[in-house]
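Same order as they appear, the protein sequences are chains A and B.
According to this note's numbering, the stretch in the first sequence is residues 103 to 577, in order.
According to this note's numbering, the stretch in the second sequence is residues 103 to 577, in order.
Careful: at least some of the hints might be erroneous.
Since the list can't tell identical chains apart, any single copy or any two copies may satisfy a pair.
[Said to hold, decoys possible] Straight-line distance between alpha carbons at most 30 Å, and here's what the computed DSBU-like set of lysine-lysine pairs gives: (1) K203 / K128; (2) K369 / K128; (3) K264 / K203; (4) K245 / K167; (5) K369 / K346; (6) K346 / K203; (7) K203 / K245; (8) K397 / K346; (9) K369 / K203; (10) K167 / K224; (11) K224 / K397; (12) K492 / K128.
For the record, the hints were derived by calculation from the structure and aren't laboratory data.
Number of protein chains: 2
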Amino acid sequence: MSDARFLYEDVAGYITELVDMGTLPKGARVPSLREVSQSRRVALSTAIQAYRVLEGRGVIEARPKSGYYVSNYRPITLEQPAISRPPESASAVAVSDIPLKLLEYGADPRLIQLGASMPSVKILAAGRLGRLLAREARTNVHKHNTYIAPKGVARLRAEIAKRAMHWGQALSPEDIIITEGCTEALALALRTLTQAGDTVVVESPTYFGLLQALEALDLKALELPTDPTTGIDVAALERALSGKNVAACLFASSFNNPLGCTMPDTKKHEILELLASFGVPLIEDDIYGDIYFGKERPRPFATFDRNECVIYCSSFSKTLAPGYRIGWIATTHRADEILKRKFASTLCGPAVLQETIADFLASGGYEHHLRRMRSILQGNMERMIRTVEKSFPEGTRITRPSGGYVLWLELRSKANTRALFDAALREGICIAPGDVFSTSGQYGNCLRLNFSQPWDLRLERAVMRLGELASSMTA
Amino acid sequence: MSDARFLYEDVAGYITELVDMGTLPKGARVPSLREVSQSRRVALSTAIQAYRVLEGRGVIEARPKSGYYVSNYRPITLEQPAISRPPESASAVAVSDIPLKLLEYGADPRLIQLGASMPSVKILAAGRLGRLLAREARTNVHKHNTYIAPKGVARLRAEIAKRAMHWGQALSPEDIIITEGCTEALALALRTLTQAGDTVVVESPTYFGLLQALEALDLKALELPTDPTTGIDVAALERALSGKNVAACLFASSFNNPLGCTMPDTKKHEILELLASFGVPLIEDDIYGDIYFGKERPRPFATFDRNECVIYCSSFSKTLAPGYRIGWIATTHRADEILKRKFASTLCGPAVLQETIADFLASGGYEHHLRRMRSILQGNMERMIRTVEKSFPEGTRITRPSGGYVLWLELRSKANTRALFDAALREGICIAPGDVFSTSGQYGNCLRLNFSQPWDLRLERAVMRLGELASSMTA
Numbered sequence: 103m104s105d106a107r108f109l110y111e112d113v114a115g116y117i118t119e120l121v122d123m124g125t126l127p128k129g130a131r132v133p134s135l136r137e138v139s140q141s142r143r144v145a146l147s148t149a150i151q152a153y154r155v156l157e158g159r160g161v162i163e164a165r166p167k168s169g170y171y172v173s174n175y176r177p178i179t180l181e182q183p184a185i186s187r188p189p190e191s192a193s194a195v196a197v198s199d200i201p202l203k204l205l206e207y208g209a210d211p212r213l214i215q216l217g218a219s220m221p222s223v224k225i226l227a228a229g230r231l232g233r234l235l236a237r238e239a240r241t242n243v244h245k246h247n248t249y250i251a252p253k254g255v256a257r258l259r260a261e262i263a264k265r266a267m268h269w270g271q272a273l274s275p276e277d278i279i280i281t282e283g284c285t286e287a288l289a290l291a292l293r294t295l296t297q298a299g300d301t302v303v304v305e306s307p308t309y310f311g312l313l314q315a316l317e318a319l320d321l322k323a324l325e326l327p328t329d330p331t332t333g334i335d336v337a338a339l340e341r342a343l344s345g346k347n348v349a350a351c352l353f354a355s356s357f358n359n360p361l362g363c364t365m366p367d368t369k370k371h372e373i374l375e376l377l378a379s380f381g382v383p384l385i386e387d388d389i390y391g392d393i394y395f396g397k398e399r400p401r402p403f404a405t406f407d408r409n410e411c412v413i414y415c416s417s418f419s420k421t422l423a424p425g426y427r428i429g430w431i432a433t434t435h436r437a438d439e440i441l442k443r444k445f446a447s448t449l450c451g452p453a454v455l456q457e458t459i460a461d462f463l464a465s466g467g468y469e470h471h472l473r474r475m476r477s478i479l480q481g482n483m484e485r486m487i488r489t490v491e492k493s494f495p496e497g498t499r500i501t502r503p504s505g506g507y508v509l510w511l512e513l514r515s516k517a518n519t520r521a522l523f524d525a526a527l528r529e530g531i532c533i534a535p536g537d538v539f540s541t542s543g544q545y546g547n548c549l550r551l552n553f554s555q556p557w558d559l560r561l562e563r564a565v566m567r568l569g570e571l572a573s574s575m576t577a
Numbered sequence: 103m104s105d106a107r108f109l110y111e112d113v114a115g116y117i118t119e120l121v122d123m124g125t126l127p128k129g130a131r132v133p134s135l136r137e138v139s140q141s142r143r144v145a146l147s148t149a150i151q152a153y154r155v156l157e158g159r160g161v162i163e164a165r166p167k168s169g170y171y172v173s174n175y176r177p178i179t180l181e182q183p184a185i186s187r188p189p190e191s192a193s194a195v196a197v198s199d200i201p202l203k204l205l206e207y208g209a210d211p212r213l214i215q216l217g218a219s220m221p222s223v224k225i226l227a228a229g230r231l232g233r234l235l236a237r238e239a240r241t242n243v244h245k246h247n248t249y250i251a252p253k254g255v256a257r258l259r260a261e262i263a264k265r266a267m268h269w270g271q272a273l274s275p276e277d278i279i280i281t282e283g284c285t286e287a288l289a290l291a292l293r294t295l296t297q298a299g300d301t302v303v304v305e306s307p308t309y310f311g312l313l314q315a316l317e318a319l320d321l322k323a324l325e326l327p328t329d330p331t332t333g334i335d336v337a338a339l340e341r342a343l344s345g346k347n348v349a350a351c352l353f354a355s356s357f358n359n360p361l362g363c364t365m366p367d368t369k370k371h372e373i374l375e376l377l378a379s380f381g382v383p384l385i386e387d388d389i390y391g392d393i394y395f396g397k398e399r400p401r402p403f404a405t406f407d408r409n410e411c412v413i414y415c416s417s418f419s420k421t422l423a424p425g426y427r428i429g430w431i432a433t434t435h436r437a438d439e440i441l442k443r444k445f446a447s448t449l450c451g452p453a454v455l456q457e458t459i460a461d462f463l464a465s466g467g468y469e470h471h472l473r474r475m476r477s478i479l480q481g482n483m484e485r486m487i488r489t490v491e492k493s494f495p496e497g498t499r500i501t502r503p504s505g506g507y508v509l510w511l512e513l514r515s516k517a518n519t520r521a522l523f524d525a526a527l528r529e530g531i532c533i534a535p536g537d538v539f540s541t542s543g544q545y546g547n548c549l550r551l552n553f554s555q556p557w558d559l560r561l562e563r564a565v566m567r568l569g570e571l572a573s574s575m576t577a
């Protein structure tokens, strides 16, 4: 994908690197648009786009009639969290009611939304999607008011299969089952592969919704040490598979929630071979895969799966339509059983919403929308990290994900982010406390911040205020 | 509800009774509109409406300048099926793939739809609903494209609670959880009340979707003898509760699918007391409750529930919007656990569809729509029974439900309705074979017919043809 569309990110990355290395110190003049377009062999318009992005991210600033200069930008000095160290035994899951509350708070317009991992509606193509829905509602009233086949609308399944070609995933529309969001996809996969009392191997920390799905099915969670950049520890996975009776693994392959880590392709191959040798299936959660800040979309496990051991789950909830509740499962592994469970669980989905998403995809607007969204999110992330750096107590660590829209912060060990959660909420700020991302009572000194809200002074002040609260609580 | 709106049904019932009793034989002159309005003390307009309905049902016919006469109408002579006699032991559930196919066939416009229990879109207010959806889609684009609280949109919950007042059910909007159709409501209730291996007591025959829900959860079904008019045998229920470890009962209180039976209120009281004494909860499926042909809507179990033992489930799928997938659970019994499972299962539903249904209810159009729908369905049912009477082999029995839109036919014992299903499908007619409504291999000589399609010659011919096929197969 060294596509023309991504050349401006090349240029932006090049300038950022020069600033990070100190070659271009604060206040230094940045190569002019003409210079950079010549030296990097890109069109002038690409250079203009790159500099606009860099301005947005606060790396450079334009001075009238003079050119571009390095702004207050300086390299981020905060450390990343170390690899996690969860206990080696599986434990029963009992999630608090905080996750439910996060969703309720997420719908409260008075709160500053740093809690739920929900894309701000302002960066979604909500208007266009609404117009397409209105058109479907007006023109196909009769077609839409019936039950449909549990698998879902054929047009949507075809569009999803087409999109997967972009990253080399060979899917047939027939391998796809449309679900009520990724939540239903994961729940159906778990119900098909496990029985009450079984152990499921997960990342640590991991998405609390997964933990709730495990709890609802009386499953045990075995958390693996997870590196904030490269994901799970393969040796620990091997130990887990050898020692315990593991029914399934459940990993997010790209920009996992909350760490933001992405496993390298070599690690994915290794894991798949390991799983094949133990005969353990993998449920893959790829819900953030399309929100990558690098040049290429990471390739999901399913792309490399030669042994039909992967059940791939994703949705449009993080990129386009959280409110439309449309996800999917793509698998040839036990597809009939999954479909039967879909039928018994929700019968079928609403045709009109599935058709609307298919309209959006078929119109070609999705790629454009994703590019815009990624650029905004990457800028937001950089601003949020810098604001944390300014305001949080010494010793705070923070992740540097290459996609998605959440940051994971680790405060000093005596910090209590549940207390921080309560204190912040009293001031109208919602965050996600760290302990809900594990079943082993860890991460009580961590928190997750959603950076999908458009960056503005109000948001910056909220992050600053969080830093003050954290400082006063750990002082 | 001796409301003016129902007076015309009184008059229609009075005339039908006179015809059934032979007081008014075929070809006899029927009292004039003026006569009947005087004798029954109703407005002339009510009499006109009643006679229009009777014409539609084929009971009377108008002769120009002469008045009304009894048409070819004669009382139905077909017997009803006897009370069912399922085995007394619980059995594991393994449903065939026919139910899945019924749903797929149900979306095929080339087939004559007597199979899936889906209201014909032609009798739904699909146009009005589509316009309301288009309006919501245009005007609230941002509001709708977010996750919402798992419980669902507050306005919709308030409208549902208000409607339940009509039949004396005291509900708070806070007791209601919106679900993806009644299917999700029942599945959540089952997941909350049972564990794999448990026994659930059901009617016999019963809706195959329930059996699939039981199968997906590894539950056993214990089927009770069920009378086609008054529902389950209470003595058999008592034996079941005494002898076995029953985790829950799952009954349809009104116009159950497929028998169409409705338990009298006294029986409901008896059952609730029995369940309370054994400490066994009841999952109530009231999905057909609004489609009553009599004067009053039957009152659900939940109305009489003093011990918080009922989990009430319903949806708009049979009356308004099968394609919108909106159902609900109303309960104070274990509501928190149900909500947690909803969160783990589908997170939340699509706001825009919930708001649209709320718009429809708030506009007051729902009652009018229901009245129109009931009148059409009752006429369809009478025509279908008469067509069955003309064309099916001797000894065929058929139910006479007082609501809903399915008929249950019992052919002579050697008949094989799975073979009839295949033969009919080859001729473009879809029916539901009887064996899928039980887990004990019974009802292989039965079938279910959906009478919600607008009655026309094509439909009449299809039913006639079914009768011929059945006759030739049992000859």
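Hints versus structure:
1. Within a single copy, K203 and K128 get their C-alpha atoms no closer than 43 Å, and across copies no closer than 68 Å, so neither meets the 30 Å cut-off.
2. Taking CA atoms no more than 30 Å apart as the test, K369 paired with K128 passes in neither setting, with 39 Å inside one copy and 84 Å between copies.
3. Taking the closest pair of Cα atoms, K264 and K203 come within 30 Å of each other only across two copies (26 Å); inside a single copy the shortest separation is 37 Å, beyond that limit.
4. In the homo-oligomer, the alpha carbons of K245 and K167 never lie at most 30 Å apart, since the shortest distance is 60 Å inside one protomer and 44 Å across protomers.
5. For a Cα distance limit of 30 Å, the shortest separation of K369 from K346 inside one copy, 22 Å, qualifies, whereas the shortest one across copies, 52 Å, does not.
6. When the C-alpha separation of K346 and K203 is checked against a cutoff of 30 Å, the pair qualifies neither within a copy, at 34 Å, nor between copies, at 40 Å.
7. Within a single copy, K203 and K245 get their C-alpha atoms only as close as 37 Å, which misses the 30 Å cut-off; across copies the closest is 19 Å, which meets it.
8. Taking the shortest Cα distances, K397 and K346 never come within 30 Å of each other, neither inside one copy (39 Å) nor across copies (63 Å).
9. Taking the shortest alpha-carbon separations for K369 and K203, neither the intra-copy value of 36 Å nor the inter-copy value of 41 Å comes in at or below 30 Å.
10. Neither within a single protomer nor between protomers do K167 and K224 lie at most 30 Å apart by alpha-carbon distance, with minima of 34 Å and 69 Å respectively.
11. In the homo-oligomer, the alpha carbons of K224 and K397 lie at most 30 Å apart inside one protomer (24 Å), although the nearest pairing across protomers, at 51 Å, exceeds that limit.
12. Taking the shortest Cα distances, K492 and K128 sit within 30 Å of each other inside one copy (17 Å), while across copies they are farther apart (94 Å).
Violation of the numbered hints given earlier is confined to hints 1, 2, 4, 6, 8, 9 and 10; the remaining hints are satisfied by the structure.
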